[in-house]
Structures are given as C-alpha cells and as structure tokens.
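Using the sequences plus the hints, can you model the full thing?
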Amino acid sequence: MSGIELIFAAFALLAWGSGLLAVTSKQVVHAALWLVVALGSLAGVYLTLGAEVVALVQLLVYVGAVVVLVLFALMLTRAPIGISHDLDASRGRRLAAALCGLGVAGLLGGTLVAAVGDHEVDPDTATGSPSALGEAIFGGWLLPFEVLSLLLLAALVAALTVSRGGGER
Amino acid sequence: MVVGAVIAGGVLFFAAGVFANRILRPSVPTPEKMTTYESGVDPVGHGWSQSQVRYYLYAYLYVVFAVDAVYLFPWATVLRQFGWATLGEMGVFLGILAVGLVHAWRRGALRWS
Amino acid sequence: MTTTAALLTVIIPAVVSVLGLFTGSRWRPWAREWAVLGSLTCLGAAVLEVYGVLADGPVRQITLLGEVDTGIAVLSLDLRADELSAFVAVAVALVACCVQIYSTAYLGGEGTPDEPLRYPAFAATVSLFTSAMMLVIHAEDLVLLLMGWEIMGISSYLLIGHHSERDSARAAAVKAFLVTRFGDLGVTIAVVMLIVTARTTAIRDLLARAEELPQSTVTAVALLLLMGVAGKSAQFPLHTWLPDAMEGPTPVSALIHAATMVAAGVFLVARLLPLFLAADAALTVAAVIASITMLGAALAALAQDDLKRVLAWSTISQVAYMLAGVSMAQAATDAGPGVFHLLSHAAFKAMLFLIAGCVTHLVGSTLMVHMGGLQRTNLKLSVLFGIGLAALAGVPPLSGFWSKETVLTAAEHSAMHGGGWAAWLVLVSGMLTALVTGIYAARAYGLVCLGDRRPPPADGGHGVHDHLPSAMTGVLYVLAVPTVLLGLLMVHPPELLESAEIALPTAALGTLLPLAGIAWVLHLQVRCHRDVADLLPGAFRAFLRSGYRLDDVQDALVVRPVKALARVVAAGDRDVVDAGPRGTASLAQAGGIALRRAQTGLATGYVTWLVAGALAVGIAGVVLA
Amino acid sequence: MIHLAGPLLLAAALAGTGIYGLLARRNAIMVLIGAELLMNAANVLLVTASTLPAGGLSALARGASGPSGDPLIPGQVMAVFVVTIAAAEIGLALAVILLLFRRRSTSDLTLVTDLGEASESGSTPPRQRDGEPVTAAAVGGQSLQEER
Amino acid sequence: MIDLGMDLGEIVEVVVRAASIIVAFIALPLLLGQTEHKVMAHMQGRLGPMYPGGFHGWAQLVADGAKFAQKEEIIPAAADRSIFRIAPAVSLLPYAVALTAVPLSADLVGADLDCGLLFVLAAMSVGVLGPLMAGWSSANKYALLGGLRAGAQLLAYELPMVLAAASVAMAAGTLSLTGIAQAWEPWWLLWQAPAALVFLTAGLAELQRPPFDLPIADSELVVGPYTEYAGLRFAFFLLAEYAGAVVLSALFTVLFLGGWQGPFDDVLGPVWTLLKTGLMGIVIIWLRVSWPRTREDQLQRLAWTLLVPLSLAQLVLTAVVVVAV
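First to last, the sequence lines map onto chains D, V, W, Y and X. Going by my numbering, the first residue of the first sequence is number 1, and it counts up by one from there. Going by my numbering, the first residue of the second sequence is number 1, and it counts up by one from there. Going by my numbering, the first residue of the third sequence is number 1, and it counts up by one from there. Going by my numbering, the first residue of the fourth sequence is number 1, and it counts up by one from there. Going by my numbering, the first residue of the fifth sequence is number 1, and it counts up by one from there.
Quick caveat, the hints were computed from the structure, so don't treat them as lab data. Note that this is a predicted model, so its numbers are computed, not measured. Just so it is clear, CB atoms sit at the ideal spot from N, CA and C, and this is done for glycine as well. Treat the hints loosely; a few may be bogus.
Claimed, not checked - Pairwise CB distance ranges (calculated):
| id | chain 1 | residue 1 | chain 2 | residue 2 | range |
| --- | --- | --- | --- | --- | --- |
| 1 | D | R94 | X | S290 | 55 to 65 Å |
| 2 | X | Q44 | V | W105 | 35 to 45 Å |
| 3 | W | I189 | V | Q81 | 51 to 61 Å |
So this is what it looks like as structure tokens:
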C-alpha cells in the first residue's frame with residue numbers, strides 16, 4: 001500500500017463513517033454536521049484522485065452552501081436540541097431499509113470490483129486543473145452547461161414561489 | 001501536504017488551548033450560572049419564536065449564484081484562449097441567471113420585511 | 001437599383017405588418033399613418049423597380065434567404081425582378097396603397113366600431129397580404145412562391161373573417177380557406193414532384209429545362225398547378241368561395257378578391273408559361289375552364305341583387321378572361337394579353353369595389369333595391385362608377401377595351417392558326433361574355449345611378465352617412481387614371497406586352513356586342529323602368545343567383561358522403577374498437593380497487609419498494625449474466 | 001498509483017448508506033441527507049472514471065495506466081454538474097419542506113399521507129413530539145381544515 | 001501535490017512550513033489586535049493600553065490571553081454540549097487553512113496551489129458553519145437569531161466576494177495566488193478598483209466587523225451567537241475575527257495591490273507584502289472607527305442590489321478587456 005493509498009483510505013473511511021453517523025444519528029443537527037464531515041472528507045478523496053477543482057467545488061458549494069441551507073432549514077423547522085425519537089421509522093421499516101442499503105452496496109461493490117477492481121490508476125492532477133476543466137466545459141460540454149443555467153433559474157423561481165405559497169392562500 | 005499539516009497543527013493548537021484551559025480554570029458550576037442568558041431575567045418560552053423564511057430565501061439565492069460563480073473560475077483561466085465565443089457563452093449563462101435575480105427582485109424577495 | 005427596389009417591395013410591407021401586429025398599445029394610435037406610409041413606400045419601390053427593369057433589363061437572381069439543402073435538391077430561395085413582376089408589383093402596390101388610404105376612413109375612421117382595436121390588426125393583415133403577394137410575384141423559386149401563396153391564403157382567411165362576430169363571415173372565411181387550400185394541395189404536390197424529378201424548383205431552371213423533362217411529369221405538374229390556379233383565381237369548379245367572400249369588408253374585396261389575389265393564379269400560369277406550353281393538355285384544360293367560367297359567371301352576375309356579389313361574379317368572369325388569354329399562348333412570350341387584362345382589371349375592378357363601398361357608406365346596404373338615383377345625389381361618384389363599369393364592359397377607349405380585345409384577338413389568332421376547338425370555344429365564349437358583361441354592367445349602372453332615391457332599408461341600415469370622407473373619394477380618382485389611360489401602353493408596348501395585338505374585325509365585333517347590350521338595357525331602364533333581370537324566368541334567375549346551386553351539388557357529392565362515412569367510422573370505432581379498451585378499463589378498475597390498499601401515502605414506503613424492485617432487477621441481471 | 005478497488009468500494013458503501021438514510025428516516029430533511037450521500041457516491045464514481053487512462057476500461061485491461069489523454073475529462077465535468085444539480089435540487093426540496101412545516105407544523109413524512117388511499121387525509125391526529133403536547137399543531141390542524 | 005514517497009528533508013520542510021504558518025496565524029492577529037487598540041484610541045483622542053509590558057502596553061493582548069485561559073468555562077444546561085465545544089474551532093480553522101495558500105513572495109508561501117484562489121475562498125466559505133453551530137447549540141434566543149443573521153450575512157457577502165475575486169483571476173488568467181500577484185500591474189489599481197471596493201466591503205461583512213456587525217450587535221442581540229460563551233472559547237472567536245482580518249488584508253494585498261511587488265522586490269518582497277497587509281489592517285480598523293452600524297435590511301439590500309450588480313459589471317468589464325487586449 002503506497003502512501004497515497006493510505007491517505008485515500010483514511011479519507012474514505014472517515015467519509016463513510018461520518019456518512020453512516022449522518023444517517024443514524026438521533027439528533028438532527030448532529031446528523032447534518034456529520035454530513036459536513038462526510039462531504040469534507042470526500043473532498044479529500046477527490047484530491048487524492050487528482051480532481052482538485054472538483055474537491056474545491058465540493059467544499060465551496062456543498063459544505064459552504066448546501067449544508068448551510070440544510071442547517072437553516074433545520075433551524076426554521078425548529079430542530080430541537082437533544083435526542084429526537086421521531087427521526088427514524090419503525091423497526092421493521094428500518095430493517096427493510098438496512099437490507100436495501102446492504103443490497104445496493106453489495107450489488108454495486110460486487111459488480112464494480114469484479115469488473116475493474118484489480119487495476120491500478122495513476123491520478124494526474126493536471127486533468128483536475130481549472131484550465132483543463134474550463135477547456136472541457138467550454139469546449140465540449142457547453143450545451144449541458146447552458147442548460148444548467150435554465151435548471152438553476154427554474155429551481156430559483158420554483159423555490160421563490162413555493163416559499164411564498166404558504167402565505168398567499 | 002502542508003495544508004494537511006496546517007489543519008493538524010490548528011486542531012492541535014485548539015486542543016492544547018482547551019487542555020490548558022481545563023487545567024488552569026476553576027470549575028464551579030451552579031444552577032444559576034448554567035441557565036440560559038436572557039438579559040438577567042429568567043428565560044421565557046423557547047428560542048423558536050423568531051423563524052423567518054426570508055433567511056432561507058437569501059441562503060438559497062446565494063446557493064444558486066455560488067454554483068454559478070464556481071463556473072467562473074475555470075472560465076477565467078480559459079477566457080484568453082477561447083476568446084469572444086466563450087464570453088458570449090458565459091454571457092448567456094449569467095444572463096439566464098440574472099433573469100432569476102430580477103424575478104426575485106420583482107417579486108419583492110429582496111426586500112427585508 | 002432594381003435589386004434593392006424588388007427587395008424593398010417584399011420587405012417593407014412585411015416589416016410594417018410585423019410592427020403593426022406585435023407592437024403594443026403605445027403604437028396603436030399611429031397604426032393609420034404607419035400603414036399608409038408603408039404602402040406608399042412600397043408603391044414607390046415598385047415604381048422604381050419598373051423603371052429599373054425597363055432601363056437596365058431584368059435581374060434574374062436576388063438573394064433573399066440563401067440556399068437550402070434538402071438532401072435531394074439544393075433550393076436557392078431567391079427573388080427575381082423582370083417586367084412581369086415589376087408591372088404586376090406596381091398594380092398590387094397601387095391598389096394596396098389605395099385600399100390602405102381608403103380603409104383609414106372606411107374602417108379606421110372616427111366613430112367606426114373598428115377604430116380603436118381592430119383597425120390596427122386589419123391594416124397589419126393587409127400589409128402582410130401585400131408582402132405575401134409581392135413574394136409570389138418576385139419569387140424565383142417555387143418553394144418561396146409557395147410560401148407567399150400560403151401566407152396570402154391565411155391573410156385572406158383573416159380578412160374575410162374580419163367581422164368575426166357574424167356567423168356568415170366566419171363561415172365564408174372557413175369556406176374560402178378550405179376551398180383554396182384544396183387547390184393549394186395541387187401546388188404543393190406539384191412542387192414536391194418537381195423537387196423529386198427535376199431536382200430543382202428554381203423557376204429559371206425549370207423554364208429552361210421544361211422541354212427536357214418527361215412529358216408525363218410535366219403534364220401532371222401542370223395539371224396540379226392548374227388546380228391551385230383554379231382555387232386561388234376562383235375558376236370553375238373551385239370558384240364558389242369568392243361570392244361568399246364578399247362578407248369581408250369592401251376594401252378587402254377590392255384588394256384581394258378583385259385586384260390581386262385572384263390574379264395570382266393567372267400570374268402563376270404566366271410565370272410558368274413554358275412549362276404549360278410543354279404540356280398541351282393542361283393549356284387546353286385551362287382554356288376550357290376559362291370558357292365555362294367566363295360565360296357562366298357573367299350570367300350569374302346578371303342575376304344578382306347584391307351589388308358586391310355582382311362585382312364578385314364579374315371578377316370571376318374577368319379572371320377567366322385573363323386565364324383564357326394566357327391559355328391561348330403559343331410561345332413563351334405570349335403571356336401578354338392575359339397579363340394586360342390582369343393589369344387593367346386590377347385598376348377598374350378595385351375602383352368599382354371601392355365605389356361600391358362608398359355607395360354602401362351612403363346607403364347603408366349592399367342590396368341594389370336600396371340604391372338608386374346616385375346621379376342626382378352624387379354626380380361625381382356616379383360618373384366614376386360609370387367609367388368603371390364602362391371599362392369593365394370594354395367600351396373604347398377605356399383600359400378594359402384594349403385588354404379585352406387583345407385577349408379576343410389572341411383567341412382568334414389561335415383559332416385561325418391551329419389552336420383547335422379549344423380556341424374556338426374561347427373565342428365564342430368570349431364574345432358571348434362580352435355581350436353579357438355589357439348587359440349586367442349597364443344593369444348595375446341603371447339600378448344604382450338612375451331612377452329615384454329608394455327608401456332606406458327597413459331596419460334603417462347600419463351606418464347611413466351623409467357625406468363621404470375625402471380619403472375614400474380621393475383614391476377613386478387615383479384609380480380612375482389607369483382605368484382610363486392604361487390603353488396608352490399599347491402605343492409603345494414594353495417587351496412583356498408586345499404579343500398583345502388587336503385585330504380590327506375581332507375588336508369591332510367585341511365592341512359592338514357589349515355596346516348593343518348596354519344600349520338595350522339602358523333603353524329598357526330609362527324608358528320602361530324595368531330591370532333587365534326581371535326578364536329572366538323566375539326559377540332560372542334564382543338558379544343563376546345561387547351560382548347554379550353548385551353549393552348544393554358539392555354538398556350532395558362531397559359533404560354528405562364524407563359525413564356519412566365519418567358516422568360509419570365513428571360507430572365502428574365506438575362499438576367495435578372501443579369494446580376492447582372498455583373491457584380493459586373495467587378490468588383495470590377492478591385491479592385498481594385491489595391495489596389502492598397498497599397506497600399508504602407514505603413516501604419513504606414507496607421509495608423502499610422502488611429500491612427493492614430495482615435491486616431485484618439488478619441482482620437478477622447480475623445472476624443471469 | 002491507486003488501486004481502483006478503493007474508490008469503487010467507497011462509492012458502493014456510500015450508496016448503501018445513502019439508501020439506508022433515504023428509507024429509514026422519517027424526518028424529511030434527514031431523508032434529504034441520505035439523498036445527498038447517494039449523489040456523492042455517484043460523484044466518487046465519476047471522479048474515479050476520470051482517472052482512467054485514455055480509452056477507458058478497455059485500455060486499462062490492456063495494461064495502460066497513464067493519465068487520461070482525453071481532453072474532455074468527462075468524469076470531472078460531470079461531477080461538477082452533479083454538484084450543481086444537487087444544489088438546485090436540495091434548495092427546492094427544502095423550500096417544499098419548509099412550506100410543509102408552515103402548513104402542518106411538522107416535517108415528519110409519516111404524518112403526510114394525504115396522497116394515500118388508505119388514510120383519511122388530514123384526520124391523523126398530530127402526534128406528540130418530545131413528550132410535550134404539540135400546541136402549535138392546533139395551527140396546523142386549523143390550516144388543514146381551511147384547505148379541505 | 002501529494003506524493004508521500006518523500007524523504008526526511010521534505011518531511012521536515014513540511015513541518016517547518018506548517019509550524020511557521022501556525023505561528024504567523026497566532027502572532028499576526030495579536031499584532032493586529034494591539035494595533036487596533038492603539039489606533040482606535042488615538043483616533044478617539046486617548047492613549048489605549050499603556051502599562052502591560054512597559055512600552056506602550058505591548059503585552060496587553062498576551063495578558064488578555066493568559067486571563068482568558070484561566071477563566072471558568074460555562075456551558076448552559078440547555079446547550080448541545082459537543083457542538084457548543086467545537087464551534088470555535090470551526091470558526092478558527094478555515095482562516096488558518098486559508099492563510100496557508102497566501103504567498104509572502106514568489107517563493108515564500110505555505111503551499112503554492114494551482115487553484116489557490118479557489119482554495120482560499122472554499123476554505124473561508126466553510127467558516128460560515130462556526131457561528132451557525134455556536135448560535136444553535138447555545139439554546140439561547142439571542143444566539144439563535146444571531147446565528148441565523150450571521151449565516152445569512154456570510155452567505156450574502158460571500159457571493160460578491162467570489163465574483164470580485166473571479167474578476168482578478170480572469171484578469172490574470174490564472175487561479176494561482178502567486179500567479180495573480182506576478183501578473184499584477186499598477187494600472188490594475190484603476191481597472192480593478194470596483195472589484196477591490198466590492199471585495200473589501202464584502203470581506204468586512206464576512207468578518208462581521210463594524211459596520212457590518214449585525215449578528216453580534218450588542219444593542220440588539222448582546223453578542224449574537226457568542227452570547228453564552230465564556231473563557232477561552234470566547235477568546236477563540238475573538239481570535240478568529242482578527243485572524244480573519246489578517247487573512248482578508250493579506251488576500252486583498254495579493255489580489256489587488258500586487259503582493260510583493262515594489263522597488264527591489266527581489267529582496268524586499270516579503271516586506272512589501274507585510275507592509276501592504278499592515279496598511280490594509282489599519283484601513284479595516286479605520287473603517288470600524290468611522291462608520292456607524294448598518295441595519296439588517298440595509299445589509300442585505302446592499303449585498304444584492306449594489307455589490308452583486310457592481311461585481312457583475314466589473315466581471316463584464318474585465319472579460320471584455322481581457323478578450324480584446
């Protein structure tokens with residue numbers, strides 16, 4: 001195991017562990033904060049895979065913005081301090097959920113590892129540099145990029161409408 | 001690498017400070033001390049009396065634009081290379097988003113009231 | 001200069017129309033100035049074009065939309081400007097201009113119900129129509145021509161239905177649209193056939209290669225085109241829409257259903273004359289159609305009670321003259337007589353319609369029983385009316401005389417020089433029509449201008465006015481100029497009209513017949529105070545008045561069978577085909593009742609099932625693979 | 001050099017965790033957290049794919065291990081796009097949840113079963129939360145009645 | 001960037017670099033704080049601290065630190081203890097991380113990153129979590145409201161800041177901070193002036209310093225999210241504010257003032273950077289002293305209706321100039 005693999009493993013374990021805590025924590029805000037840790041360590045994972053810009057975008061957008069949105073929403077829905085008992089579904093449903101989760105993980109992991117698991121790659125930070133990404137986006141991926149702006153516009157307008165909808169009726 | 005080291009160092013510094021604090025400080029908890037501070041009177045009600053959706057709206061507005069700002073950076077590095085065409089492309093992207101901003105403005109979402 | 005002028009004639013009305021249709025209320029007060037200015041500029045451009053063409057010769061290719069590669073043929077959507085297009089463009093522009101000015105008073109004047117809202121739309125649609133007509137005239141490519149052709153159809157629909165609050169107007173609009181569409185089908189198919197077989201729709205290529213194309217193709221194409229011509233130019237048997245189209249406002253009738261659009265069919269034949277010459281059968285068919293139409297329509301005009309319908313039937317008859325003139329051609333340069341009649345007819349028929357509008361304005365009705373004594377009440381108008389009718393009847397030296405005689409001379413020439421029975425048919429029919437034309441023209445003059453004032457219509461009429469706005473009378477004088485003087489073209493004919501000649505014997509006969517008719521009718525009217533139409537047997541007159549009951553024939557032959565077929569199909573659909581779905585529906589309903597128990601409304605529950613299902617499929621896929 | 005099994009296993013594990021969060025949670029915002037994990041699992045795969053040499057998996061099988069020569073580096077571009085889409089998605093979803101909360105004073109998905117056939121819409125009594133009677137639910141109940 | 005196959009010398013280098021950053025991260029804010037005491041005092045016609053340490057009270061803040069370290073820490077009974085405890089670290093650490101990428105001169109930099117600018121912005125954007133966590137976990141009305149305000153404010157001003165930074169990046173054609181400073185030319189002072197103005201304003205708001213200190217407005221919200229904090233953790237929040245000011249000044253220097261550029265910059269480069277940074281620090285203090293606090297509504301309106309459009313206009317200007325030249 002090389003050094004970079006060690007670092008990768010550390011980030012990956014941290015990401016997965018905090019992800020697991022995020023979906024099992026009994027306290028809502030803790031769950032959201034564990035999500036922060038998970039997303040942050042995933043940024044580390046991306047770094048080790050040579051995707052510098054993606055990692056920073058992950059930090060800037062996910063940690064710096066999306067999670068803040070989640071926290072805002074939690075606070076506006078009066079997230080209580082301490083353990084909430086109504087976060088999780090019934091035992092049976094949880095069991096089914098766990099089975100499904102295990103199944104998905106097993107299926108994905110099994111097929112992926114069986115397919116390409118025994119190869120090694122050499123991540124190259126050059127592919128993750130901003131200029132490389134810029135060339136890709138504005139060279140070959142222009143249309144999806146422009147369509148994204150429409151998506152964002154639609155989402156913005158929809159969110160405005162939805163968040164005002166309650167008061168008008 | 002250095003970044004990781006700095007993070008580690010920072011955490012270390014914080015932990016060391018807290019540890020020193022733990023050693024140095026007195027600890028005499030009393031119920032009065034532990035109550036929530038509310039300008040000297042006993043706490044009334046819950047902290048949730050103020051919850052306004054406008055905070056959320058501002059935050060979401062930011063998210064939308066932060067996402068678009070993210071694209072500005074790769075763009076900035078290839079602008080010289082790609083020239084006017086890229087400028088136009090980003091113009092279209094920003095223009096569409098600007099429609100959203102103007103819409104929000106017209107709807108009064110930017111008014112703090 | 002020619003290039004620019006030709007482009008402008010197409011573009012200016014288009015721009016005016018788009019601006020008129022899509023600018024907001026702020027510009028509405030300017031709609032009138034806007035429309036008039038646009039049509040005036042268009043007229044200027046058309047005159048410039050004539051000048052350019054006469055001075056510098058025709059321009060064969062003016063790039064408009066560039067080339068379109070359809071895969072099997074490269075279409076170059078270009079314009080052209082030659083004498084044919086230039087002269088017709090002037091006619092169109094002149095009439096359009098007069099109509100726009102006239103309409104400002106007739107439809108957009110103070111106090112008219114249309115003034116605030118519907119006049120701008122009206123003016124814009126007229127501009128749109130003008131632009132489309134200009135496109136047809138100048139098109140160098142059949143696809144482009146077809147585009148203009150269709151736009152004309154739709155603007156005609158809109159304008160006929162202008163008074164959309166009236167059921168009859170809506171019905172007339174739909175009828176006109178459907179009938180002309182039926183004809184347009186032929187044009188469309190012809191264009192497609194040309195694309196496939198000739199690999200081009202450029203008119204100059206087609207004309208140059210008309211001889212090389214397979215005979216069957218050319219004949220089929222020519223016949224299909226003739227179908228469109230019959231539809232657009234209201235020729236038998238697709239003429240039934242035109243009398244009904246008189247539901248539109250009178251200026252519209254003047255512009256579209258008298259002067260320009262109905263002439264588009266004739267124009268198309270003239271434009272593609274070499275193609276038709278390569279297909280003898282088509283020209284013969286055209287001659288027959290024209291012969292039947294001119295005489296039949298003239299007779300129908302004789303029996304009408306409504307002034308506008310008289311003019312409408314006379315239009316059908318006169319357009320048939322043009323078609324006859326073109327169909328008598330024996331060489332590619334022989335379009336002259338038909339086109340000449342097209343030009344003169346545009347002038348005097350537009351004038352006649354506009355006068356009819358004036359009379360309606362004064363009387364409040366379009367029925368001739370409510371008119372009379374115009375000579376006493378408004379001498380100027382009645383003189384103008386008389387000039388127009390005289391031109392229509394072909395009284396020398398008015399324009400109608402020259403153009404009609406050239407058509408008759410062409411027929412005679414053709415008959416004498418191996419044109420066969422069709423030419424004789426045209427000649428005889430044309431002579432008879434000239435007589436009937438004289439009769440009904442004189443009858444219309446007698447009913448409207450002579451005698452005493454009639455009592456106003458029982459319901460008081462709508463909008464009886466005391467005087468005429470100058471915008472309405474002014475343009476009549478403008479139109480009277482070409483009506484009277486167009487014959488001067490014969491003094492020094494341009495290349496286009498060089499084939500138009502007048503043979504003295506034919507002309508003499510063709511003049512004496514209508515003059516005799518006129519004299520007889522006026523004598524009857526003045527001395528005996530009798531309407532010449534009353535001489536017809538009642539049933540025959542009703543038969544003529546209803547346009548030979550062709551609507552009923554069509555109803556019996558086409559409409560009712562189709563409706564019956566539709567009923568059968570609907571029944572089959574309902575009782576046979578639908579039985580299966582209905583059975584399925586009840587089955588599904590039963591299943592739904594069973595399944596609704598599973599709908600807990602719990603979103604996460606649904607997702608669980610979804611994921612479990614996807615998982616099952618995935619695992620199955622892996623295992624099976 | 002990184003062994004590919006690592007990122008792939010991480011993606012699989014994250015996906016499983018996300019699915020669990022998606023299915024097992026009752027609080028709507030918590031459900032969204034599961035969805036975010038799921039999206040990030042996809043992102044891990046995308047970024048991993050961008051490390052593949054030119055020619056992708058088949059080239060890998062031939063023994064190539066060099067950096068991707070593909071100028072489009074699609075994996076990373078798509079990853080950035082995914083982040084964008086996730087931002088749009090979660091913002092809208094949270095707005096809906098906030099609306100729900102203002103109407104019903106709850107973000108518990110098991111209490112929102114109006115679309116179901118089996119439950120009588122809105123008749124579910126507001127549950128007790130954290131042992132204290134939900135007085136605020138009176139507001140929610142009232143707005144419910146207004147809606148019906 | 002990552003290659004663990006390094007020898008001992010490289011490891012030592014990394015440690016030294018990290019250590020110096022940490023030291024700078026602790027020392028510079030103290031220096032700035034002391035400067036603030038003195039400058040403010042003189043602007044207000046008084047002396048400020050004079051006694052600790054003898055010469056003009058230079059040790060005042062060290063003494064303050066020692067005092068904070070000895071104070072009792074009180075965590076309210078209703079609070080969420082774990083989050084309450086780590087919130088100061090979340091506020092503090094991002095600035096340390098950001099400082100890593102800020103260069104003193106062309107080769108004197110903690111970590112010279114390819115996309116250093118994006119890195120710094122990303123790191124600073126994480127800082128918004130600190131006040132939110134603190135505000136929520138305190139279970140206090142003032143704190144919660146302050147936390148929400150802080151969150152909204154930090155988010156709102158993050159945007160113009162990012163846009164202004166993007167303008168400079170575009171002008172330089174690179175995201176590397178050293179690259180940007182190297183590409184800087186004096187006429188940028190004029191060309192990028194709106195961006196600089198926006199960046200400074202937004203940066204002040206990011207720091208929640210006057211005149212944008214709404215979240216901790218004592219007349220409305222006591223100290224906002226930090227109401228319940230005491231002792232060393234409160235000191236950490238204070239430190240975060242000054243550290244932020246230092247990072248902002250340094251970043252402003254690199255982006256808009258050409259970093260180490262100046263006469264003899266092959267030798268004096270770091271000095272120039274420090275000088276300009278210090279100047280910016282004094283400007284920040286000056287602004288604090290001379291501007292009254294804004295209102296909450298003015299705050300958001302300023303961000304969305306003035307700064308964002310202004311920075312967008314600057315972006316357009318920059319882009320056009322870049323492409324045209």
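Evaluation of the provided hints:
no., hint, result
1, D/R94 / X/S290: 55 to 65 Å, "holds (59 Å)"
2, X/Q44 / V/W105: 35 to 45 Å, "holds (40 Å)"
3, W/I189 / V/Q81: 51 to 61 Å, "holds (53 Å)"
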